[in-house]
Amino acid sequence: MEAVKASLRPTQIQRLDEVAAGMLKAYRTLVRMEYLEDAWVHEGPHDVDAFLPAWRQQGIPYSIAYLYSILPYVNDYGNKSIDFIFGGRFAGFPHFPQLDMTGYRNPESSDDSREQLRPWMTMLSFSGEKRAALIYDARRHVIGIYEQIEYGTSDPNWTFEHQLATYGSDEDEDEYNCDSGNSDSDVDDNDDDDEYYGEECYWDEMKGRHAAHVLQDIVLWYENLTHLPGGGDEGDGEGSAAFTRSLYIKHGWPRNFDGTAFLVDQAKSYAIKRAERDPKPGILARINRFRRFLQSPPPPPEGEMTMAEGDNAEHFWNARWRRFQEGRSRIDVPILLRESEKAYELPSDLQVRLLKQLRASIRHLEKKLSSGGVVEYDHWPGSEHIRVEYTKKCLDIEKRAYQECKAELGGDAFFAQHDMVEMDLDPDNSPSPELQERSRLHIEAAREWLARVPPEAPQARKTAEAYIKKHEANLSSRRRGPSLKFMSISTANF
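Quick note on UniProt numbering: the sequence shown kicks off at 1 and runs consecutively.
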């Protein structure tokens, strides 16, 4: 990369460094907003020397290759879905082995060469479904904000005067007109390049503004909450982003921001939204499904199926297994229907559902940490530690949110008023004695069925064996006896 940098003029390096610094400031602002973790932001420079030969073959100029080497990038290590400004997607750059950078020059994933960026242009973020991307033109040193070229700019601060301005120089135009990844002297006589650059490109007249000004505005939009983190296809949508505005204001953004208090309040608010969902429609839909199943005519007995000459044994026994399962379901469904009908008639307390939501999140995160559910992500060294630390942070926030909600509802007195104990909030997934008895019957029947399956149908045998193991697990579990009040609430959340 030193040779690449040495081939660039100081003014080029200054402008490219300006873009990288502006992107980094935007990312650091999102860290301050508790939207990104500091460990997720990877500041340049990055070692991309191994990618340079492939990039040269793709016609990437040295200036853009240098930019890729210094741009910061965001990697959430699979912890959460995140979006950049205007709901766009973060660009990875050296996140993965970027041998093929054509995607960074094709904003609309088009086969039409006129809709692809010039070699001196690149995307700084990706667009989504009706979401805008940042597109950088190194020759003019401008950034455009676009969903699609035909829609025009999505930059709220762009004016016609900006179209008349350029922040490059004649030297820049000379360089980019002849540079496809090699030094200028290597390609001065390359007629193919001249012919290529003479082709029409829709992005030549991209409506952009001075790159530094656009990036400064992004930081300001975040700071004054004109735009909020998230709101795109990867995250929770526009409703989620708008939902947090009042919480940022409440907790002192941007000058006296209490990030931990913000996250706790956010966790409480999300739990309230989930708890407010009426569980009755879901239970009713379950009841209707069970009733339709029982009203449908039963299939012919599985034992009456015969295998014709030339039939595939595996296909035949898989079909018999499906018929067998349907027959067994007619034993379980009447019992499940009665349980669902009972749950539908019982009351469901909103405040208890709120505490259950938070308690369930706590148990999920605890299980994730204790059962090895946090693993290395995409073979990135150190990623397991980053994922574990983020999970621990989320667990601490959920515990704080739960304790605050519990205190607001009256503490231990709340449970006494509802004829329950705190343990009743935890989901009881262990099987009832009735289910254990049904599992014994299922195991017996499945073993008898398995004894008839020939070796020529190994997949059917494997499926039946898994079915038996699932029911054997029910026999080894012990059920905690919850209070009647708790049972009414837990079943109402099916």
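Rather than coming from a laboratory, the hints here were simulated on the basis of the structure.
Be a bit skeptical, because a hint or two may be false.
What the hints assert, rightly or not - Each computed DSSO-like pair below joins lysine-lysine, with the alpha-carbon atoms no more than 27 Å apart: (1) Lys367 x Lys393; (2) Lys342 x Lys399; (3) Lys273 x Lys469; (4) Lys273 x Lys207; (5) Lys367 x Lys399; (6) Lys368 x Lys399; (7) Lys250 x Lys25; (8) Lys25 x Lys406; (9) Lys342 x Lys368; (10) Lys273 x Lys80; (11) Lys342 x Lys273; (12) Lys392 x Lys80.
Said to hold, decoys possible - Just the calculated beta-carbon pair ranges, DEER-fashion: (13) Arg245 x Trp380: 31 to 37 Å; (14) Arg56 x Asp204: 21 to 27 Å; (15) Lys368 x Pro458: 33 to 39 Å; (16) Pro458 x Gly152: 56 to 62 Å; (17) Leu346 x Leu220: 49 to 55 Å.
The beta carbon of each residue, even a glycine, is placed where N, CA and C say it ideally should be.
Evaluated hints:
1. Lys367 x Lys393: holds, 14 Å
2. Lys342 x Lys399: violated, 32 Å
3. Lys273 x Lys469: Distance ~38 Å between Lys273 and Lys469 Cα, so the pair is violated.
4. Lys273 x Lys207: violated, 41 Å
5. Lys367 x Lys399: holds, 14 Å
6. Lys368 x Lys399: holds, 15 Å
7. Lys250 x Lys25: holds, 24 Å
8. Lys25 x Lys406: Since the Cα atoms of Lys25 and Lys406 sit roughly 39 Å apart, the hinted pair is violated (cutoff 27 Å).
9. Lys342 x Lys368: Distance of about 33 Å is beyond 27 Å: violated.
10. Lys273 x Lys80: holds, 19 Å
11. Lys342 x Lys273: holds, 26 Å
12. Lys392 x Lys80: holds, 14 Å
13. Arg245 x Trp380: 31 to 37 Å: Given a distance of about 34 Å, which is inside 31 to 37 Å, the answer is holds.
14. Arg56 x Asp204: 21 to 27 Å: Distance hint for Arg56, Asp204 holds at roughly 23 Å.
15. Lys368 x Pro458: 33 to 39 Å: holds, 34 Å
16. Pro458 x Gly152: 56 to 62 Å: holds, 60 Å
17. Leu346 x Leu220: 49 to 55 Å: Given a distance of about 53 Å, which is inside 49 to 55 Å, the answer is holds.
Hint violations for this structure: numbers 2, 3, 4, 8, 9, all remaining hints satisfied.
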